[in-house]
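K.L.:
The residues making up each chain are set out below.
Protein chains: 2
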Amino acid sequence: MELDLAFIGFGNVAQAFAQILRDHKSELEEAYGLRWKTTAIATARHGCIRSVVGIDLIEAAACVSAGGNLADLPESLVARDTLEVIERCKADILFETTPLNVTDGEPAATYLRTALARGINVVTANKGPIAFAYSELRSLAAGHRASFRFEGTVMDGTPVFNLVEECLPGARVLGFRGVLNSTTNLILTGMECGRSFDESLEDARRRGIAEANADHDIDGWDAAVKAVALANVLMSADARPADVDREGIRNISVESMQSAARSGMTVRLIARGQRSGDRVKLTVAPERVPVDSILGSVRGTSNVLVLETDLMGEIAIVETDPGIKQTAYALLADMTRIHEGPDV
Amino acid sequence: MELDLAFIGFGNVAQAFAQILRDHKSELEEAYGLRWKTTAIATARHGCIRSVVGIDLIEAAACVSAGGNLADLPESLVARDTLEVIERCKADILFETTPLNVTDGEPAATYLRTALARGINVVTANKGPIAFAYSELRSLAAGHRASFRFEGTVMDGTPVFNLVEECLPGARVLGFRGVLNSTTNLILTGMECGRSFDESLEDARRRGIAEANADHDIDGWDAAVKAVALANVLMSADARPADVDREGIRNISVESMQSAARSGMTVRLIARGQRSGDRVKLTVAPERVPVDSILGSVRGTSNVLVLETDLMGEIAIVETDPGIKQTAYALLADMTRIHEGPDV
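Sequence lines, in order, name chains A and B.
Position in the first sequence (from 1) plus 1 gives the number in my numbering.
Position in the second sequence (from 1) plus 1 gives the number in my numbering.
The list cannot tell twin chains apart, which means a pair is met if one copy fits it or any two copies do.
Straight-line C-alpha distance at most 16 Å; calculated EDC-like pairs for lysine to aspartate or glutamate:
no.	residue 1	residue 2
1	Lys326	Glu309
2	Lys26	Asp311
3	Lys326	Asp311
4	Lys282	Asp244
5	Lys38	Asp5
6	Lys38	Asp93
Hint data in this document are derived by calculation from the structure and do not stem from the laboratory.
Given the sequences, and given the hints that come with them, work out the whole structure.
P.N.:
Set out below in C-alpha cells:
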C-alpha cells in the first residue's frame with residue numbers, strides 16, 4: 002500500500018525529512034514495505050497546494066528555499082489556505098511542523114483537530130498542541146481510529162514517548178528530570194569555559210541553534226512546554242505551560258558558574274516533573290549539579306531525560322549534539338510506527 | 002487468552018519476576034489483557050515438574066528458597082530433567098534463566114533450540130545463547146513462527162534490543178561503546194575513592210553484586226559476552242566471545258586512578274563494537290575517560306550504552322543502580338511484547 006502524505010509547514014524539519022525519504026527510499030521499502038507519495042503541502046509564505054499525481058518533495062524544498070511559490074510546481078492544485086488543504090487533501094498521514102505558539106498552541110492544535118476528525122493519522126513535531134490540547138486530541142484520534150504521534154516534540158528523534166510506550170510496558174513513570182533545551186545548555190556550557198552570557202548567546206546564534214530572539218529559550222518557556230508535554234503524555238497530568246514553576250537562566254553569572262566549579266559542580270537548566278498526590282508538580286529552573294553526574298555530563302546542545310519508574314527503577318536517555326536531521330528522523334520513526342498498524 | 006508459562010531455571014531472577022506477576026496481576030490484565038498460569042518449572046537442584054492445573058509461583062519460590070523439592074508441590078507431575086520438561090510441557094512462553102556458560106552457551110542453547118523447535122515462544126535472560134547461537138536460534142524461531150526475545154541479557158530490563166527494534170526503525174547501528182559490567186564498575190568506583198582493588202572487590206561481594214569467584218567479571222568476560230550479544234543482534238555480526246580483544250581490570254592500580262584523577266579523568270571498563278568493512282571489531286578494555294563524560298558519569302553498579310547510528314546520530318541509555326528487580330522486569334517486557342503478537 003502506498004501512503005499519501007500531506008505536509009503542514011514545510012520548513013527545515015520537513016525539508017530534512019524529505020531528504021531522508023529520498024536517500025533511504027529503497028531500504029525503507031525493503032525493510033518495512035514503506036511506499037509513499039505526497040499529495041499536499043501547506044505553508045504560510047510559499048503557498049498551499051494539493052496534487053493528485055504526487056508532489057516531488059525535493060523540488061518543493063528547492064522552490065521554498067529559493068523563496069518561490071509552490072503553485073509554480075507542475076500539476077499542483079492551488080488551495081486558499083492551510084485549513085482548506087487539511088479539509089480537502091487525500092492523505093493517510095499528515096505531518097505538522099509549523100512553529101510553536103507558546104500562548105495557546107494555535108493554529109496548530111486546530112490543524113490537528115481537523116485532520117484527526119477526518120480520520121487522518123497525524124505526526125507532529127510541534128509541542129504546542131501536546132502542551133495545550135493533548136487529552137482532547139488523543140480522544141479525537143481514538144474516536145476516529147487515527148494515530149496521533151509526536152516523538153519529535155521532545156529531544157528530537159531520540160525515543161522518549163515511544164520508549165515508554167513500546168519498551169516499558171507495565172511500568173509507571175513516577176517522575177522525570179532533564180536537560181531539554183539546547184540553546185540554554187549551549188550558553189551555560191559556554192559560561193563554564195569563562196565566556197560571558199552575551200558571548201555565549203552570540204555563539205549559539207552563530208551556530209544556528211538560538212534564534213534572533215532567544216527569550217523563549219532563555220526564560221525557560223521551551224523547557225516548560227516540553228515538561229508539560231512529558232507530564233501530559235507520560236504521567237496523564239493534563240497540565241498547561243502556565244502551571245510550570247519556571248525560572249530561566251538570565252540571572253546566572255560567570256562568577257556563579259566559577260563558584261560552582263570550585264566545588265565540582267556546574268549549573269544546568271533542569272525541567273522536573275514529580276507526582277504529588279493527584280497532581281504532577283512541574284518546575285524549570287537552573288540547578289547546581291555535580292559536573293560528573295549524568296545531568297552535568299550533558300554539554301553543548303546535548304539533552305538528557307532521566308525517568309523514574311516503579312518497575313524499572315531509574316533510566317536515562319541522552320541525545321548527543323542533535324541537529325535538524327534528528328528531528329526529521331522523529332517523523333520517520335512515527336511514520337513507520339503508523340504504517341505498522343493501529344495503536345493497541 | 003490465558004498464557005501458559007514454563008520456567009527453565011528458577012533462581013533469583015525468575016523468583017523476582019514471580020513477585021512482579023503477583024503484585025501487578027490486575028494492572029497487567031487491565032492494561033494488556035495479560036492472564037497466565039504456570040505449567041512447568043525445571044531446576045537443576047530442586048526438581049523438575051509440570052502441572053495441568055497451574056503451579057503457584059510464590060509457593061514454588063518459597064519451596065526453592067527453603068531448599069525443598071518442587072515435586073512436593075500439590076498436583077505436580079514429576080519430570081526426569083529439564084529437557085523432558087521442555088519436550089513435554091504445554092507452554093506459550095518459556096522463560097530461560099539458567100546460569101551463563103561462557104565456553105559454549107550450553108546447555109541453555111539446547112534448551113532454547115528444543116523449545117523453539119516446538120514452536121514455543123522463548124524469553125531468556127541468559128546471554129550465552131545469544132553470544133554462541135544467535136543467528137541459528139533466530140532462524141529456528143522464524144521457521145517455527147515463534148518469538149525469541151532476550152532484553153534481559155544486556156543491561157537488565159533497560160531497553161536495549163527493544164529500543165533499537167521498536168524505537169529506531171530504519172536507523173542502522175554503526176557502533177557502540179558502553180559500561181556493561183556492574184562488578185568491575187563498582188570496583189573502579191571504589192578505587193576512585195582511594196580504596197584498594199581487594200577492598201573494593203570485597204565491598205562488591207558484601208553487597209551481593211560480585212560472586213565468590215568474580216574472575217569472570219574482573220577479566221572482562223562478562224562484558225565481552227555482552228558486547229558479542231550486542232554485535233550479533235544489533236549489527237548482524239555473527240561474532241563469538243573469543244573474537245573479542247579483551248583486557249580486564251586486574252592491572253589497574255589506585256595510583257593509576259589517582260594519576261587519571263589529577264587530569265580530570267577516570268578509568269572505566271569499556272566494551273566497544275565498531276563496524277570495520279564486513280566485520281565488527283569488538284574490544285573490552287579499561288580506558289581513561291573524562292570524569293564529566295557520560296561514560297565517566299556512570300558510577301557504582303550503573304551501566305551505560307552509547308549507540309552510534311546513521312539516521313539518529315548518537316544516543317545513550319543509562320541504567321542507574323540496577324538490581325535483580327530490573328532483570329526480572331525484562332522478562333515482563335518481553336512477555337508483554339510476545340502477547341501483543343508475532344514479530345513483523
